[in-house]
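Got chain A sorted already, so can you dock chain B onto it with the hints?
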Amino acid sequence: MRLTRTILMLLALALFLALPVGGALAQDVMDPATFGLDASKPYDGTQLKFLICCSTAAQFASAAAKGDAEFTEMTGISVSWGDLPFGSFQEQLYLEATNPNTEFDIVAFVDAWGTNIYDFLHPLNDLVADAGIDWDDYGPAYQQASTGNSDTIYGLPFRGHPLLLHYRADVLEAVGMEPPQTWQDVSAISQAIVDSGMDIAPTAMYYGLNVDQNLFNWYSHLWGAGADIFDENWEPAFNNEIGVAATEQYLSYVRDGHSPAASVAWNEQEANQELVQGRAAMFVGWWWMASRMSTSDVAEVADNAAFAPAPGWEGGDTTSYGYLWAVGVLDQSDDRDAALEYLKWLTHPVTERRIVLDEEFVNNVAVRLSILADAEVNEYHNGLLEVASAVLANARTIPLIPEYTEIVPYLAEMINELATDAGADVREVLDRGAEDVRFVMEAAGYYD
Amino acid sequence: MRKKRWVPWVLIGPALLVIVLTTIYPLLAALYYSFHKYNLRRTPQFAIQIGEGGISIDWSLLSLENYTRAFSDSRFINSLEVTFWFTVLSVGLSVVIGLFIAVIVQKGGWLHTLTKVLLIFPFAVSPALKGYSWRFMLNENYGVYDLLIDSLLVRPLNALLSLFNALPLVEIPLISESIVWLGDKFWALFMLAMSETWGWAPLIALMFVGALGSIDEQIFEAARIDGANRVQIFFRVTLPLLRPVILIVTMLKTIFSLKMFDQVVTMTGGGPVRATQTINYYIHQMGFVRSLDIGYASAMSYILVIVLTICAALYVALVLNRD
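Residue numbers (my numbering), protein chains in the order written: chain A, 1 to 448; chain B, 1001 to 1323.
No lab work stands behind these hints: they were computed from the structure.
Every residue, glycine too, gets a C-beta built ideally from N, C-alpha and C.
One thing to keep in mind: the hints can contain errors.
Stated by the list, open to error - Listed next, with one range per pair, are the computed distances between beta-carbon atoms:
#, chain 1, residue 1, chain 2, residue 2, range
1, A, D151, B, I1057, 51 to 57 Å
2, A, E73, B, V1144, 37 to 43 Å
3, A, V194, B, F1084, 41 to 47 Å
4, A, R438, B, S1176, 20 to 26 Å
As the list claims (entries may be wrong) - Think about it this way: if two alpha-carbon atoms lie no more than 20 Å apart in a straight line, the pair counts; the simulated DMTMM-like pairs of lysine to aspartate or glutamate are:
#, chain 1, residue 1, chain 2, residue 2
5, B, K1107, B, E1221
6, A, K41, A, E70
7, A, K66, A, E359
8, B, K1037, A, E360
9, A, K41, A, D334
10, A, K41, A, D28
11, A, K66, A, D44
12, A, K66, A, E360
13, B, K1130, A, E270
14, B, K1185, A, D421
15, B, K1185, A, E442
16, B, K1037, B, E1065
17, A, K66, A, D126
18, B, K1037, A, D119
19, B, K1130, B, D1262
20, A, K41, A, D335
21, B, K1107, B, E1217
22, B, K1185, A, D212
So here's chain A without its partners, still in its complex pose:
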């Protein structure tokens, strides 16, 4: 009886102590001062429209839900998220950003697409300075993508993705290999899997034409080997000796039978499905795909889900593509100041941390270095963010010039041609691609 009373008293004490702590936490996220918001609600009743794709994806849905519940409560500003499919988002972004009468105030944009709408975005340098936003909390690749390598901040990093190697630990263990650190290791492990006679494709690559996804891993090969898209004079440089060697390595997975023949037509999602459904042992793709593997319906996939940094080049670099979604405010918005308030809240580390710890919308996507290094966040995501942070330290972005969106499809077609035609000469096709690229650059006046 005494014991029961003691336990009850201890529980009551614990509850008593927990209440103020919980209350303080709740108060923090509902306190405008936490986010540097104006507590006097000067924009009360303002309705903002946010142009974004895929708002039902967990990484976006969490922010949208919290905005509805908390940001609106603190400021009186309501934000309506657009929900366009990714495939048609780029077109809509350009049309809305260049439309003087657009109804949208805030836009999300992918690094390469941003270059075409910089002139229509409100510079955020003042916001960063006045709101005390720690710019150094973003990695170099994300800073580049948000500024177009200039001094003007066009968008704040919002969602970002490093490339990781997702693999089956049991398969690699069966062939006695460690996770690959280089692309050459990927080839060696793939050959070992083939030699072992296991009924599984060693790697799942994606060489198909689909929103230019077949370039993601090509960049890693190219940069890792020491080549680049352009030289310092904006001349195409991917077709030099190093570029040819890097491209040959990139194609070797399908040409050597290490990636299924069908991968010449696959997009990133289809290749990832091969891994998730247990038909492939390795896949290099965005980090957010890690949860797909660990939640796979195939027990042996879920039980052996593992990830590691994207491979680098043997004797070279481990540079890979850091892909960024930034969020900016349209210059023509009638409610620009209210929109800037929203950006403060949306990109604040407290908001970002809560999104990444959200149990309702499980997702691992964070962009701030402080969140990527956060112990609790890493514990929640099995150390995924720490690995991503290591990848991001060496990540870079693509050439941030408006003409690059015109060039990218040529490069994607070039890679697709090399993948679908096993007999195609790499040098010849790259040279042809370089001519196309040069034509675009020349027309834009880069060689005048």
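For chain B alone, kept in the frame of chain A given last:
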């Protein structure tokens, strides 16, 4: 009684206004843009300027450059070729398969009636969804079409070929069971045409069912009395009588095939390489995705408009001639 001449105008006014705003104005605007250097990235300079001094025209800003550029652009030429072959394949397959279905389901009976009702469903599926579905169904690992083609076509054919190869004659290579349908230039275009046929053939079949029903039964009876068999009746009686409908259907389908866009986006992405980049897809890429070059995209659109106008004129002439 005095005629109120304004009444018809009032009655058709709203419809006319909608047509002017949604069709005539965009058509004229696109024509105007097609003579300009108009890129969404830059502030455009248009020839017609409205200022305080009234309207002025700067003729130096107008040029045919976008049109001449199109015919020296190898990718535009490629898109013309792709569109041509896609049209030939999709129109040919749709009409032939549609006619085949019509002949099968034209008879009475509840099963035939039910089939006719069900035939409308493939046409009702949105083209974009059609593209996604076909991409999924052609997947080499879990695609139902891939499985059906392998099971019902490739394996039986290979079994026959193996029997033939057992004879001491020439050896014919077996057909691969692992064709990457969307990774091969010919097959990707063929499957794109098939996805279009899947939607259109049933609708065309319904048109043919109607036409077949209007043919006097006595004509067939006379042919049978004259000793014609079923094949002879089909080729010598039915087909000639269906000729006007076949022409109209062919022309209508040609117009739609020339505008192919949605399935290219969702099914092939224009690939492999450029094998399925149709004109509409290329125009969209240049205007809204790659270059944001509205002037050039408008010029290419007008080239397509000219082709479509010729087809539409032929179609109208055929319909009027029939009536």
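Checked hints:
no., hint, in the structure
1, D151(A) x I1057(B): 51 to 57 Å, "violated (41 Å)"
2, E73(A) x V1144(B): 37 to 43 Å, "violated (50 Å)"
3, V194(A) x F1084(B): 41 to 47 Å, "holds (43 Å)"
4, R438(A) x S1176(B): 20 to 26 Å, "violated (38 Å)"
5, K1107(B) x E1221(B), "holds (16 Å)"
6, K41(A) x E70(A), "holds (13 Å)"
7, K66(A) x E359(A), "holds (13 Å)"
8, K1037(B) x E360(A), "violated (50 Å)"
9, K41(A) x D334(A), "holds (17 Å)"
10, K41(A) x D28(A), "holds (17 Å)"
11, K66(A) x D44(A), "holds (18 Å)"
12, K66(A) x E360(A), "holds (11 Å)"
13, K1130(B) x E270(A), "holds (18 Å)"
14, K1185(B) x D421(A), "holds (10 Å)"
15, K1185(B) x E442(A), "violated (31 Å)"
16, K1037(B) x E1065(B), "holds (9 Å)"
17, K66(A) x D126(A), "violated (26 Å)"
18, K1037(B) x D119(A), "holds (19 Å)"
19, K1130(B) x D1262(B), "holds (9 Å)"
20, K41(A) x D335(A), "holds (14 Å)"
21, K1107(B) x E1217(B), "holds (12 Å)"
22, K1185(B) x D212(A), "holds (18 Å)"
Hints 1, 2, 4, 8, 15 and 17, counting from the list given before, are not met by this structure.
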